[in-house]
Amino acid sequence: MKVGVVVFPGSNCDHDAAHALELLGHEPLLLWHKETSLQGVERILLPGGFSYGDYLRAGALARFSPIMAEVGRFADRGGPVLGICNGFQILCEAGMLPGVLARNASLRFVCKHVHVRVEAGESLLTRGLRPGTVLRLPIAHADGNYTLDDAGLDALERSGQILFRYCDEEGQLSAGANPNGAMRAIAGVRSERGNVVGLMPHPERACEGLLGATDGRALLESFLS
Amino acid sequence: MLAKVYVTLKPGVLDPQGKAVRSSLASLGFLGVEDVRLGKYVELRLAETDPGRARAEVERMCERLLANTVIESYRVEVS
Amino acid sequence: MLAKVYVTLKPGVLDPQGKAVRSSLASLGFLGVEDVRLGKYVELRLAETDPGRARAEVERMCERLLANTVIESYRVEVS
Amino acid sequence: MKREQPIDSATIARHGLTPEEYSRVEAALGRAPNLLELGIFSVMWSEHCSYKSSRKLLRGLPTSGPRVLVGPGENAGVVEIGDGLAVAFKMESHNHPSYIEPTQGAATGVGGILRDVFTMGARPVASLDLLRFGDPSHPKTPFLVEGVVAGIGGYGNAIGVPTVGGEVAFDHAFDGNCLVNAFTVGVLRKDKIFLGRAAGPGNPVLYVGARTGRDGIHGATMASAEFDETTEEKRPTVQVGDPFTEKLLLEACLELMQSDAIVGIQDMGAAGLTSSSVEMAGRGGAGLRLDLDRVPVREERMTPYEIMLSESQERMLIVAAKGREAEVERIFRKWDLEVALVGEVTSTGKLELFFGGERVGELPIGPLTDGAPLYDRPRHAPSDLAERQRFDPATLPEIPAAEALLALLRRPTIASKEWVYRQYDHEVRLGGVVRPGGDAALVRVEGGKVGLGLSAGCNSRFCELDPREGARHAVAEVCRNLATVGAEPIGLTDCLNFGNPERPEIMWQLEQAVLGLGDACRALEVPIVSGNVSLYNETDGRAILPTPAVAAVGLVSDCATGAHSWFASAGDVVALLGEPWRSPSGPPELGGSERQAMAGPLRGKPPPLDLARERAVQRACVALVRAGLVRSAHDCSEGGLGVALAECCVMGERRIGARVALPVPGRPDLALFSEEPSRIVLSFDPARRGEVARVAADHGAPLLELGEVGGERLEIAGVLAVEISKLDAAWRGGFLDVVARPTAI
Ligand SMILES: Nc1ncnc2c1ncn2[C@@H]1O[C@H](COP(=O)(O)OP(=O)(O)O)[C@@H](O)[C@H]1O
Ligand SMILES: [Mg+2]
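If you're matching them up, the sequences are chains A, B, C and D in order. First residue of the first sequence: 1, per the working numbering; consecutive thereafter. First residue of the second sequence: 1, per the working numbering; consecutive thereafter. First residue of the third sequence: 1, per the working numbering; consecutive thereafter. First residue of the fourth sequence: 1, per the working numbering; consecutive thereafter.
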């Protein structure tokens, strides 16, 4: 499948995403942010990194890149869009996903492997995964503190838009297992329609045993199926 | 013209940075600080010379880019 | 009392954020922005009730913590 | 030539030139310089650019070998790794700027070393950082730690180059002068190496990257001057880093390097446009003409002096092939970067500078580069050295061994550095096979099985007591670290951090350390392909501990066979590769150890290093790891065998205990913590016992079985038994003791 990986100035996981897509037998197509054609891709992935240096707010400047208008139209037509880390931040800033990713509660960048619990099965990212499944995935970010008002959060809960929550190895939620202070431990969400998804952990970094984690494969495979 | 924009977190939104600053201040011996809120301060130099139009323009910039109105509010001064 | 602190980069110090914001504003069609500088805005609620003492105290906080005086300058208002 | 008011002696002094050096300037020009020319001489002849105090000594280092493609002298060294690929790497200091403004100082240090590597045509794949701070209790220490780590992470994370390891140590000698040494390695094709050379008269000179501001003017001379109370005034010389622009610059340069439009390229690091233009012309044996009005500037009314001496970051100078300017412009415009045609290569052998239609400077290249002053400075050992080298470990107050172990684990130099490396993205680019936490990092080279082992280190206290022996230890330890992940060292880079070379004691330290590096590199057959010298690291006349830091790059042919540093499986055999104590009956060596530092002043001698033994131990370890015979390998360094065993229990994600027996000579609270070299703690499946013993014997390395992995405690028979939860708490808590304090915003 032809998958567009958008390259913003400052993206730095574009290359890793393309590598993972190839590993899974797909055809990544790097889309330069100044382009206005999606070149017939069937999926769009906004990779991690520091688009525009994350200046002002993470993702704030990237959402105005020329290609984002096309990405928006693609999503409006129901096209599947995945944002990973900085990509998630961009989708939130663009209003394509609910919420804001604020500065980590620790105020520090954090790079480590965490556990997340699948909250909603059968989403674009979790096909074939039962709710409650615990996955081990890498995170690396300074702004992953998912923030939204209570009403908004309640609405997400009701409509099953919360895809992942940070948890411990056993799947229990706790302050210690929440690496960034995210409200209700939210690690990933989907849009109302379900075709736009975003998460802070990096599934593309968890596709090879040699690198110490493989749970990302299931998520990417789901997105690509 | 010079426009000044103050972007602050909406009341009720948690401000971990403000909290950290407060506790740092306390451990430096500044004990009388009851609350700290951190925001952004943006200075823009504009070609526009009409204060009204300048303000309107900067407010549009705030809505579109300078503030994330989900959690932030802003205030504009022009001079 | 409420103290407001404005922290800005000293003149001549590179402001990568300001530069990036300016070019984004331009690409959004805000062409009349000649310069953008990004700074911090801090609100402090103080137990102190004397304006003079409050200002002096906040200035000490700026020197020690709130501003990085190597590259930043600050301005304090109390009310 | 533009003339101004004559140069007075105060101006000369402010430019860091001695009266003798100034006469040489006049002789080189055949006249008095103007201010611009004086500024250019001053930075080119600064210690930082000219290596005037160290150059003679450095000639003795072994710099060649069958894999070496580019040795010292270029922006980075290049070593072949097979399959048509090579690696470019270098380490550089940013000590002075980091002390003044830790976040920006450290950030721009990372930015600078990255440019040194990608200017060679290499894509940076990993960085290391070697840090020294003052005493943990010094009021400035937490502020510096916090700022430096934020700066390194902020830059490396944003640009997307993983920071995979490093070293952090504390000693009060660094109270007034911290060390920030940054290392980067990149991968390139061996037939696509770019050099910093200006050649071909008529070829265009292009300026690319960020605009030039007034920042950092005279940073290079600052880096070569001692700190004193006037340091405050030098503050505006701090530069702010912009990793976003550097990321664009990196991608644009690598894109341009796909073509053959580039004749030469060099980053504008210390001394900016001056050093890049002069050095490129020097290497190419050419001249350069620059039109300074064309340099993109950030500020109004910048003078030629400011433009030439600015140290604004994220800029490069390119000599392109004639007629290819448009290609260069197209690519840099695509990445939204400045690009300007600023001059051309000439055959005059001179740097000719024009501004506002006037010739504002004209300097011969030769005297600026090869003709820079070279000093053979007087040197002698400190008069009290012999006295300080006397030390009887028995004078240290006796404490229970378990108590000593817990106290040592908590010392910030030994404690877990997790607080640091969690703030670094160490996984981006999908190379992290062995991640931070162990002895060395192992990074997969894209597109194959080959891996790079990386480690940086130096024991500054050993170097203070005996700089030659200390430097030998530094090389041995980083190479030993590589051995634990199965990597064979293929090249080294160094960063020589010392005090004021005008003092004979310091100059002696430098000489001895360079000799020591040479000894060890020759014995271990590993060349030094790049490096950096940072002198004048002193405050108010007090020098830092001499720190000839080294970073090693090693090769692993199949990174699937790498081992971890920690115990993993109950029932595994615990063994020691190497001898537990050099002298099984005599007193253990404790000079320069953490055990000594815990109890009193720095005295004695570092433990002797037998390089033949070291080599045997390393080769045996590499063979064991590569054959997949061992489950873990961890070298003994700070805190000795006692600390190494405890670390093996607690370093992993799952803690596990061990029961061992040791032939402890004398007082266990001393012997367990002696920092003798050439020792690696192994664990392996008992079924592999025979094979492991055979491999060790084949390489002539001693192997001693110590016991077994398992349980909830570390037990050393007859000596101590401590719950691993206690060891863990001490080891994980030690660093937090330092940084749990107010943070600046
Ligand atoms: N400044 C640093 N940056 C990143 N990683 C670091 C730093 N300092 C130490 N580390 C990592 O912490 C681990 C332990 O370091 P150290 O105690 O110096 O190891 P060793 O005992 O082998 O010399 C290593 O993996 C090292 O790379
Ligand atoms: Mg080690």
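Any given hint could turn out to be false.
What the hints assert, rightly or not - The calculated lysine-lysine pairs, modelled on DSS-like cross-linking and capped at a C-alpha distance of 30 Å, are:
id, chain 1, residue 1, chain 2, residue 2
1, D, LYS417, D, LYS190
2, D, LYS140, C, LYS4
3, B, LYS4, C, LYS10
4, B, LYS40, C, LYS40
5, B, LYS10, B, LYS40
6, D, LYS449, D, LYS190
7, C, LYS4, B, LYS40
8, C, LYS10, D, LYS140
9, B, LYS19, C, LYS4
10, B, LYS10, C, LYS4
11, C, LYS40, B, LYS10
12, B, LYS4, C, LYS40
13, B, LYS19, D, LYS140
14, A, LYS2, D, LYS334
15, C, LYS40, C, LYS10
16, A, LYS2, A, LYS34
17, D, LYS449, A, LYS112
18, D, LYS192, D, LYS449
19, B, LYS4, C, LYS4
20, B, LYS40, B, LYS19
21, D, LYS334, A, LYS34
22, A, LYS2, D, LYS449
23, D, LYS192, B, LYS40
24, C, LYS10, B, LYS10
25, B, LYS19, C, LYS10
Hints are computed from structural coordinates only; laboratory data are not their basis.
Right, here's what the structure says about each hint:
1. Taking the CA atoms of LYS417 (chain D) and LYS190 (chain D), the gap is near 35 Å; set against the 30 Å cutoff, the hint is violated.
2. Of the pairs offered as hints, the one joining LYS140 (chain D) and LYS4 (chain C) holds, with about 27 Å between alpha carbons and a cut-off of 30 Å not exceeded.
3. Taking the CA atoms of LYS4 (chain B) and LYS10 (chain C), the gap is about 16 Å. The hint holds against a cut of 30 Å.
4. Distance restraint check for LYS40 (chain B) and LYS40 (chain C): the Cα-Cα separation of roughly 5 Å lies within the 30 Å cut-off, and the hinted pair is therefore satisfied.
5. Simply put, LYS10 (chain B) and LYS40 (chain B) have alpha-carbon atoms about 13 Å apart, close enough for the 30 Å limit, and the pair holds.
6. With a CA separation close to 18 Å, the supplied pair LYS449 (chain D) and LYS190 (chain D) stays within the 30 Å bound.
7. At roughly 12 Å between alpha-carbon atoms, LYS4 (chain C) and LYS40 (chain B) fall within 30 Å of each other, so this suggested pair holds.
8. Between LYS10 (chain C) and LYS140 (chain D), the direct Cα distance comes to roughly 23 Å. Compliance with the 30 Å bound is thereby established for this hinted pair.
9. In summary, the hint linking LYS19 (chain B) to LYS4 (chain C) is supported, as the alpha carbons are separated by about 16 Å, within the 30 Å threshold.
10. Our distance criterion of 30 Å between C-alpha atoms is met by LYS10 (chain B) and LYS4 (chain C), whose separation comes to about 17 Å.
11. Between LYS40 (chain C) and LYS10 (chain B), the direct Cα distance comes to roughly 16 Å. Compliance with the 30 Å bound is thereby established for this hinted pair.
12. A distance of roughly 12 Å separates the Cα atoms of LYS4 (chain B) and LYS40 (chain C); the hinted pair therefore holds under the 30 Å criterion.
13. A hinted pair counts as satisfied when its Cα atoms are at most 30 Å apart, and LYS19 (chain B) with LYS140 (chain D) qualifies at roughly 22 Å.
14. Taking the CA atoms of LYS2 (chain A) and LYS334 (chain D), the gap is about 25 Å. The hint holds against a cut of 30 Å.
15. Annotation: proposed proximity of LYS40 (chain C) to LYS10 (chain C) holds, straight-line Cα distance about 13 Å (limit 30 Å).
16. A C-alpha spacing of about 19 Å is found between LYS2 (chain A) and LYS34 (chain A), which places the hinted pair at or below 30 Å, so the restraint holds.
17. At roughly 24 Å between alpha-carbon atoms, LYS449 (chain D) and LYS112 (chain A) fall within 30 Å of each other, so this suggested pair holds.
18. For the proposed pair LYS192 (chain D) and LYS449 (chain D), the alpha carbon gap of about 22 Å is at most 30 Å, so the pair holds.
19. In summary, the hint linking LYS4 (chain B) to LYS4 (chain C) is supported, as the alpha carbons are separated by about 14 Å, within the 30 Å threshold.
20. Annotation: proposed proximity of LYS40 (chain B) to LYS19 (chain B) holds, straight-line Cα distance about 16 Å (limit 30 Å).
21. Among the hinted pairs, LYS334 (chain D) with LYS34 (chain A) is consistent with the structure: their alpha-carbon atoms are about 9 Å apart, no more than 30 Å.
22. For the hint pairing LYS2 (chain A) with LYS449 (chain D), the CA-to-CA distance comes to about 27 Å; that is within 30 Å, so the pair holds.
23. Pair hint LYS192 (chain D) plus LYS40 (chain B) does not hold up; C-alpha atoms about 46 Å apart against a cutoff of 30 Å.
24. For the suggested pair LYS10 (chain C) and LYS10 (chain B), the alpha carbons sit about 28 Å apart, so the restraint of at most 30 Å is met.
25. Using a Cα cut-off of 30 Å, the hinted pair LYS19 (chain B) and LYS10 (chain C) holds, with the two alpha carbons roughly 26 Å apart.
This entry does not satisfy hints 1, 23, going by the numbered hints stated previously.
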